[in-house]
Amino acid sequence: MRHFSPKRNTTLRKIFQYIRAHRVYLVLSILFAAITAVLTLYVPILFGDAIDGIIRKGQVDFPLIGSLLLEIGILCGVTALLQWLMNVINNRITYHVVRDIRRDAFNKIQKLPLSYLDSHSSGDIVSRVIADADTFADGLLMGFSQLFTGVVTIIATLIFMLTLHVGITLLVVVLTPLSLFMARFIARRTYHLFRKQSETRGRQTALIDEMIGNQKVVKAFGYEQEAVDRFDVINEELQDCSIKAVFYSSITNPSTRFINSVIYAAVALAGAFAVLTGGLTVGGLTCLLSYANQYTKPFNDISSVITELQNSLACASRLFELIEAPSQAPDGPMEMPTAKGEVTLEHVHFRYTPQRPLIDDLHLTVKPGMKVAIVGPTGCGKTTVINLLMRFYDVNEGAVLLDGVDIRQMTRHSLRRNYGMVLQETWLKNGTVRENLKMGRDDATDEEMIAAAKATHSHEFIRRLPQGYDTVLQEDSLSQGQKQLLCITRVMLCRPPVLILDEATSSIDTRTEVLIQEAFARLMEGRTSFIVAHRLSTIRNADCILVMKDGHILEQGTHEDLLARGGFYAELYNSQFAGKET
Amino acid sequence: MKKLAFYLREYRKESVLGPLFKLLEAFFDLLVPLVVAYIIDYGIGEKRTDRIGWMCALLVGLALVGLACSITAQFFAAKASVGCATRLRHALFAHIQRFAYEDLDRVGGSTLITRLTSDINQVQNGLNLALRLLLRSPFVVFGSMVMAFTIDVPSALIFAVAIPVLCVVVFGIMLLSIPLYRKVQAGLDRIVNTTRENLTGVRVIRAFCKEENEKEEFGRQNEALTAMQKFVGRLSALMNPVTYVIINAATIWLIWKGAVQVDSGALTQGSVVALYNYMAQILTELIKMASLIISITKAVACAQRVEKVLDTEPSMEAPSASSSAAPNNAAPMVSFHDVSMTYPGAGAPSLSHVSFSAWPGETIGITGGTGSGKSTLVNLIPRFYDATDGQVEILGQNVKDLPLSHLRDTIGVVPQKAVLFAGSIRENMQWGKKDAGDEDIYKALDIAQAREIVEKKEGGLDFEVEQGGRNLSGGQRQRLTIARALLRDPSILILDDSASALDFATDAALREALRTLRGSSTVFLVSQRTMSLRSADRILVLDDGELVGSGTHEELLKTCRVYQEIHYSQFPEERPEGWQDTLSPAPVSAVKGGHAV
Numbered sequence: 184m185r186h187f188s189p190k191r192n193t194t195l196r197k198i199f200q201y202i203r204a205h206r207v208y209l210v211l212s213i214l215f216a217a218i219t220a221v222l223t224l225y226v227p228i229l230f231g232d233a234i235d236g237i238i239r240k241g242q243v244d245f246p247l248i249g250s251l252l253l254e255i256g257i258l259c260g261v262t263a264l265l266q267w268l269m270n271v272i273n274n275r276i277t278y279h280v281v282r283d284i285r286r287d288a289f290n291k292i293q294k295l296p297l298s299y300l301d302s303h304s305s306g307d308i309v310s311r312v313i314a315d316a317d318t319f320a321d322g323l324l325m326g327f328s329q330l331f332t333g334v335v336t337i338i339a340t341l342i343f344m345l346t347l348h349v350g351i352t353l354l355v356v357v358l359t360p361l362s363l364f365m366a367r368f369i370a371r372r373t374y375h376l377f378r379k380q381s382e383t384r385g386r387q388t389a390l391i392d393e394m395i396g397n398q399k400v401v402k403a404f405g406y407e408q409e410a411v412d413r414f415d416v417i418n419e420e421l422q423d424c425s426i427k428a429v430f431y432s433s434i435t436n437p438s439t440r441f442i443n444s445v446i447y448a449a450v451a452l453a454g455a456f457a458v459l460t461g462g463l464t465v466g467g468l469t470c471l472l473s474y475a476n477q478y479t480k481p482f483n484d485i486s487s488v489i490t491e492l493q494n495s496l497a498c499a500s501r502l503f504e505l506i507e508a509p510s511q512a513p514d515g516p517m518e519m520p521t522a523k524g525e526v527t528l529e530h531v532h533f534r535y536t537p538q539r540p541l542i543d544d545l546h547l548t549v550k551p552g553m554k555v556a557i558v559g560p561t562g563c564g565k566t567t568v569i570n571l572l573m574r575f576y577d578v579n580e581g582a583v584l585l586d587g588v589d590i591r592q593m594t595r596h597s598l599r600r601n602y603g604m605v606l607q608e609t610w611l612k613n614g615t616v617r618e619n620l621k622m623g624r625d626d627a628t629d630e631e632m633i634a635a636a637k638a639t640h641s642h643e644f645i646r647r648l649p650q651g652y653d654t655v656l657q658e659d660s661l662s663q664g665q666k667q668l669l670c671i672t673r674v675m676l677c678r679p680p681v682l683i684l685d686e687a688t689s690s691i692d693t694r695t696e697v698l699i700q701e702a703f704a705r706l707m708e709g710r711t712s713f714i715v716a717h718r719l720s721t722i723r724n725a726d727c728i729l730v731m732k733d734g735h736i737l738e739q740g741t742h743e744d745l746l747a748r749g750g751f752y753a754e755l756y757n758s759q760f761a762g763k764e765t
Numbered sequence: 004m005k006k007l008a009f010y011l012r013e014y015r016k017e018s019v020l021g022p023l024f025k026l027l028e029a030f031f032d033l034l035v036p037l038v039v040a041y042i043i044d045y046g047i048g049e050k051r052t053d054r055i056g057w058m059c060a061l062l063v064g065l066a067l068v069g070l071a072c073s074i075t076a077q078f079f080a081a082k083a084s085v086g087c088a089t090r091l092r093h094a095l096f097a098h099i100q101r102f103a104y105e106d107l108d109r110v111g112g113s114t115l116i117t118r119l120t121s122d123i124n125q126v127q128n129g130l131n132l133a134l135r136l137l138l139r140s141p142f143v144v145f146g147s148m149v150m151a152f153t154i155d156v157p158s159a160l161i162f163a164v165a166i167p168v169l170c171v172v173v174f175g176i177m178l179l180s181i182p183l184y185r186k187v188q189a190g191l192d193r194i195v196n197t198t199r200e201n202l203t204g205v206r207v208i209r210a211f212c213k214e215e216n217e218k219e220e221f222g223r224q225n226e227a228l229t230a231m232q233k234f235v236g237r238l239s240a241l242m243n244p245v246t247y248v249i250i251n252a253a254t255i256w257l258i259w260k261g262a263v264q265v266d267s268g269a270l271t272q273g274s275v276v277a278l279y280n281y282m283a284q285i286l287t288e289l290i291k292m293a294s295l296i297i298s299i300t301k302a303v304a305c306a307q308r309v310e311k312v313l314d315t316e317p318s319m320e321a322p323s324a325s326s327s328a329a330p331n332n333a334a335p336m337v338s339f340h341d342v343s344m345t346y347p348g349a350g351a352p353s354l355s356h357v358s359f360s361a362w363p364g365e366t367i368g369i370t371g372g373t374g375s376g377k378s379t380l381v382n383l384i385p386r387f388y389d390a391t392d393g394q395v396e397i398l399g400q401n402v403k404d405l406p407l408s409h410l411r412d413t414i415g416v417v418p419q420k421a422v423l424f425a426g427s428i429r430e431n432m433q434w435g436k437k438d439a440g441d442e443d444i445y446k447a448l449d450i451a452q453a454r455e456i457v458e459k460k461e462g463g464l465d466f467e468v469e470q471g472g473r474n475l476s477g478g479q480r481q482r483l484t485i486a487r488a489l490l491r492d493p494s495i496l497i498l499d500d501s502a503s504a505l506d507f508a509t510d511a512a513l514r515e516a517l518r519t520l521r522g523s524s525t526v527f528l529v530s531q532r533t534m535s536l537r538s539a540d541r542i543l544v545l546d547d548g549e550l551v552g553s554g555t556h557e558e559l560l561k562t563c564r565v566y567q568e569i570h571y572s573q574f575p576e577e578r579p580e581g582w583q584d585t586l587s588p589a590p591v592s593a594v595k596g597g598h599a600v
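Same order as they appear, the protein sequences are chains X and V. For reference, each letter of the first sequence is one residue, going 184 to 765 in the working numbering. For reference, each letter of the second sequence is one residue, going 4 to 600 in the working numbering.
Don't take each hint at face value.
The calculated DSS-like cross-link candidates involving lysine-lysine, where the alpha carbons are at most 30 Å apart (straight line), are [unchecked claim]:
{"id": "1", "chain 1": "V", "residue 1": "Lys218", "chain 2": "X", "residue 2": "Lys294"}
{"id": "2", "chain 1": "X", "residue 1": "Lys480", "chain 2": "V", "residue 2": "Lys233"}
{"id": "3", "chain 1": "V", "residue 1": "Lys6", "chain 2": "X", "residue 2": "Lys399"}
{"id": "4", "chain 1": "V", "residue 1": "Lys186", "chain 2": "X", "residue 2": "Lys399"}
{"id": "5", "chain 1": "V", "residue 1": "Lys446", "chain 2": "V", "residue 2": "Lys436"}
{"id": "6", "chain 1": "X", "residue 1": "Lys612", "chain 2": "V", "residue 2": "Lys218"}
{"id": "7", "chain 1": "X", "residue 1": "Lys294", "chain 2": "V", "residue 2": "Lys6"}
{"id": "8", "chain 1": "X", "residue 1": "Lys399", "chain 2": "V", "residue 2": "Lys446"}
{"id": "9", "chain 1": "X", "residue 1": "Lys399", "chain 2": "V", "residue 2": "Lys403"}
{"id": "10", "chain 1": "X", "residue 1": "Lys427", "chain 2": "V", "residue 2": "Lys291"}
{"id": "11", "chain 1": "X", "residue 1": "Lys732", "chain 2": "V", "residue 2": "Lys420"}
{"id": "12", "chain 1": "X", "residue 1": "Lys197", "chain 2": "V", "residue 2": "Lys218"}
{"id": "13", "chain 1": "V", "residue 1": "Lys233", "chain 2": "X", "residue 2": "Lys732"}
{"id": "14", "chain 1": "X", "residue 1": "Lys197", "chain 2": "V", "residue 2": "Lys233"}
{"id": "15", "chain 1": "V", "residue 1": "Lys16", "chain 2": "X", "residue 2": "Lys379"}
{"id": "16", "chain 1": "V", "residue 1": "Lys459", "chain 2": "X", "residue 2": "Lys732"}
{"id": "17", "chain 1": "V", "residue 1": "Lys460", "chain 2": "X", "residue 2": "Lys732"}
{"id": "18", "chain 1": "X", "residue 1": "Lys291", "chain 2": "V", "residue 2": "Lys218"}
{"id": "19", "chain 1": "X", "residue 1": "Lys399", "chain 2": "V", "residue 2": "Lys436"}
{"id": "20", "chain 1": "X", "residue 1": "Lys399", "chain 2": "V", "residue 2": "Lys420"}
{"id": "21", "chain 1": "X", "residue 1": "Lys612", "chain 2": "V", "residue 2": "Lys420"}
{"id": "22", "chain 1": "X", "residue 1": "Lys399", "chain 2": "V", "residue 2": "Lys460"}
{"id": "23", "chain 1": "X", "residue 1": "Lys427", "chain 2": "V", "residue 2": "Lys561"}
{"id": "24", "chain 1": "V", "residue 1": "Lys260", "chain 2": "X", "residue 2": "Lys240"}
{"id": "25", "chain 1": "V", "residue 1": "Lys233", "chain 2": "X", "residue 2": "Lys291"}
{"id": "26", "chain 1": "X", "residue 1": "Lys399", "chain 2": "V", "residue 2": "Lys16"}
{"id": "27", "chain 1": "X", "residue 1": "Lys612", "chain 2": "V", "residue 2": "Lys311"}
The following label-pair restraints were derived from C-beta to C-beta distances [said to hold, decoys possible]:
{"id": "28", "chain 1": "V", "residue 1": "Glu226", "chain 2": "X", "residue 2": "Arg372", "range": "37 to 43 Å"}
{"id": "29", "chain 1": "V", "residue 1": "Leu160", "chain 2": "X", "residue 2": "Phe245", "range": "53 to 59 Å"}
{"id": "30", "chain 1": "X", "residue 1": "Asp235", "chain 2": "V", "residue 2": "Arg237", "range": "21 to 27 Å"}
{"id": "31", "chain 1": "X", "residue 1": "Glu518", "chain 2": "V", "residue 2": "Thr562", "range": "58 to 64 Å"}
Since the hints were derived computationally from the structure, they do not count as laboratory data. Note that beta-carbon positions come from the ideal geometry of N, C-alpha and C, so glycine has one too.
So here's chain X without its partners, still in its complex pose:
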């Protein structure tokens, strides 16, 4: 395997790791391949013997022919059966390997740090999990179904040839590496073309994902033509590199076939002279020639398999890139029980990108049951605080503590089970309303679910959906406000010790909001809560208001304190009512 570059070599090794689980089937597959290959070579010989029994009028050995034909019939049946089983096994290995790789890729997504997911296009990741895995499967299947049969056919033919003429057989053996060399030569050059094709495809998928995913905005701005134009640019680019990849890789087959034809001519030449010098019979030459043909044919198959494998290796390496991307820092060993709800930020420093500091030396202690509001202008770092509390991101310096324990010492799950989160960005699963509501608590009864839905005033609109709680939610079937109501209900149902509400009611009408606030008030009783809100009226009764600006806490105190101080908060608060006077 010297022709494989180290990178591809490791990709191959990784693939074999996956195949190892199916080694019993692999052995069976090779065994069946060997038997079928030998039998397919042997059957023509029996036919030849049978034909030899037909000499001329009156000289036909019917008993011999009869028994030979019966033998052929049985062998063909066996061959066909084994061939089918071999195909089934190959399918099994291939699809299971791809299933496993795909599963690992998906499971990896669950473990990747958010910083990875936030900075990679989702379309590209989807393209890896779907399209690359698919292409890989095709290549692998072709490899299995043709590689073994090819190899066995080569060996068996070689043995048959040796019995005929050693010298000419050696000539063939010495010359055949030429065709392998050719195949490798082309394969090495096409690997990069395939890789480029995959990359261009990834970019195209990203564009498709973005445009088709936001098709409504595209239409609203009459951007359809531009979208098509931009698509066309990448599409043309893809066409260029696809034609190159497809064409150059498909040269392999004709080239190796050409070399085989040259070998064939060489055998004819050497054989003819051997016949003239008496080393070979004419019949022997005919046999050798047909075997030479049979011997070189599998090389063609193998070379086309190698082409296909290039493509699939390129795809596999993209998949492995995803699977092997560094995971988030491992969980701490501690299983955090239900917390009292004391949250401490100890001299926290954090930045998304090294060169741009965001949070510097943030220090804050929140007693259990306290209601903390975070306010400040857009982009001041409010959401970042939440990212740190939930451990979506890790602090660069300092520590976040829950009940006095560094959250890095506990498992993420046990940490997050202590939090209930409602974000401004409403996200619901593509599933029924019931599945979505019970997301935080699978064991909730329907009565509890309906009671929670009533508390958030979503029961009414859910009832009016075509199938009520069993309605499957489509991408845009609900308004933002309705989605937000469902997200709130979802949290209402699990009653965690710490609540995080990031603009949780921003899309809900205020009449309903007032009622939800009551429900929240009851929910938050005795629980620690963090509230990010723009409507300052909703946080007036918070125990502590943090006023943030540019990653720093500017002011801290109760509503009354802060108003009295007449600082930034007072300015913000009064600006809310600025419109009132005009």
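Put chain V on the given structure of chain X with help from the hints.
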């Protein structure tokens, strides 16, 4: 497959030349046995070493010509298949651009994405193989049969029986597996959907510790897909063994019949050998074809899926050019005449019997509870959806009589969901107006209170926004989407709850700036906040799809119960003595008695 043929037609030359060169190559292949026969008969037979040498050189020459033909064929096949796939992808993408909102709701984004990517890739592979090999195999198979007839008619009849049986088997397996491959692709759709969902909802999934459930769900779908693939695989795997058995059975029959005929003197041994060789040739070709047919079957299934989307006609029709009637400048900018709207599949109407008119220069506020029909109402103006009943008119013209591009050019929309696209801020802004210069952009950014966002970012307008605008906060995105809409200089500006993520100071400044904008343009302002609406010329109050109030803030505060409730919920201190909320008392008691909270 008609559509596919249509896109292939552009590559007519390539798709004829490709197979043609392949046939030429096959033809040169067939000459080789003749040359070998010549070497044996006239070279070795007559001991002429020069003839042997020349003939071997000829073999190499034939191989060279074959190589040239083959490479030419591959080139044309690559060009035609990739080209056709490229055209098809373009056509599908462009076709989706014509879809109305309703079609998009129905079809769903993720399946469109698989069709544009994975399905078309399969079509490309299948086409490439078909162009290279599909013509060659039948050529050899039928050619062999024809040759058999020239040798011996009774024996050739075996060919005439075997070949139709082969056809039945090959096409039977194909026809059975095409729908199954379609199912496989549908399973792939589900996997795409789950993967996408997990990428967009990663925070929620992790917050609820749902990683394991998601893994399980994906595992199930993945397993189902694998099971389906294996099932189809078992069926397709029959192709090779079954054809092998048929051919060998035919050969056994041929040899036996040949033996009988030779015994009676009707046939020579040489003829039997020739007939046998032709049968063997058919077998070799069929083996080649079997793997080809699997790829082609997949490709057909995928092509059908692509075609299904291409055959979906956009549900909304619009004239391509302006109708003869000129806009009536004396008419209201926007007027609704008894408009009702029910979403397909919905139980109840989202908007019922709404009528109103909005004049140039007016600011119309729209408010109401969650799900009361506010967005539905404004979505009817740019004709994102069609009214089920009644008429929507712009300057006296029914929106259905206006070309969509013209209609939407005059309207600036800021949707609820603030979506930006990968690219620079400038490029994002130019969605609003293609040729907008920096000066125009900064003007719009000023009004939208977004100038400071841009100025703070590295590179200013050249700052690269990531996919979906995720390197910007919600409030920053909203302001930028407002600026984007303002750039169109629209006659009608629709702000659909577009300031929800803005803090009050920014919101107030935005409203102030928008006020200066008024001229002849009509502004629709959807909002929950009565504060944002109070400066509107008129406010429409919706409740459960019905228009329950219309008037200025002060008027509504006197007359409209729903509006009063909305307002007092935001300004409790303004509540008059003895005020009682009427909103659904039942849920309130449920909260009090409820144990869920």
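Hint check:
1. Lys218/V with Lys294/X: With a Cα-Cα distance of about 11 Å, the restraint between Lys218/V and Lys294/X holds, given a limit of 30 Å.
2. Lys480/X with Lys233/V: Distance of about 29 Å is within 30 Å: holds.
3. Lys6/V with Lys399/X: 27 Å, holds
4. Lys186/V with Lys399/X: Holds, because 28 Å separates the two Cα atoms, which is no more than 30 Å.
5. Lys446/V with Lys436/V: 13 Å, holds
6. Lys612/X with Lys218/V: With Cα atoms ~14 Å apart, Lys612/X and Lys218/V stay inside 30 Å; holds.
7. Lys294/X with Lys6/V: 43 Å, violated
8. Lys399/X with Lys446/V: At roughly 26 Å apart (the allowed maximum being 30 Å), Lys446/V and Lys399/X satisfy the hint.
9. Lys399/X with Lys403/V: 19 Å, holds
10. Lys427/X with Lys291/V: 25 Å, holds
11. Lys732/X with Lys420/V: 25 Å, holds
12. Lys197/X with Lys218/V: 22 Å, holds
13. Lys233/V with Lys732/X: Given pair Lys233/V, Lys732/X is violated - Cα atoms ~58 Å apart, limit 30 Å.
14. Lys197/X with Lys233/V: 23 Å, holds
15. Lys16/V with Lys379/X: 28 Å, holds
16. Lys459/V with Lys732/X: Cα-Cα ~14 Å, so holds.
17. Lys460/V with Lys732/X: Answer holds: Lys460/V to Lys732/X is near 17 Å, not above 30 Å.
18. Lys291/X with Lys218/V: Holds, at about 10 Å.
19. Lys399/X with Lys436/V: Holds - the C-alpha atoms of Lys436/V and Lys399/X are around 17 Å apart, at most 30 Å.
20. Lys399/X with Lys420/V: 11 Å, holds
21. Lys612/X with Lys420/V: 17 Å, holds
22. Lys399/X with Lys460/V: The given pair, whose Cα atoms are some 28 Å apart, holds under the 30 Å limit.
23. Lys427/X with Lys561/V: Violated. Lys427/X to Lys561/V sits at ~74 Å, over the 30 Å cutoff.
24. Lys260/V with Lys240/X: 13 Å, holds
25. Lys233/V with Lys291/X: 25 Å, holds
26. Lys399/X with Lys16/V: 39 Å, violated
27. Lys612/X with Lys311/V: Since the Cα atoms of Lys612/X and Lys311/V sit roughly 27 Å apart, the hinted pair holds (cutoff 30 Å).
28. Glu226/V with Arg372/X: 37 to 43 Å: 39 Å, holds
29. Leu160/V with Phe245/X: 53 to 59 Å: Given a distance of about 22 Å, which is not inside 53 to 59 Å, the answer is violated.
30. Asp235/X with Arg237/V: 21 to 27 Å: 39 Å, violated
31. Glu518/X with Thr562/V: 58 to 64 Å: 60 Å, holds
Checked against the numbered hints listed earlier, the structure breaks hints 7, 13, 23, 26, 29 and 30; every other hint is satisfied.
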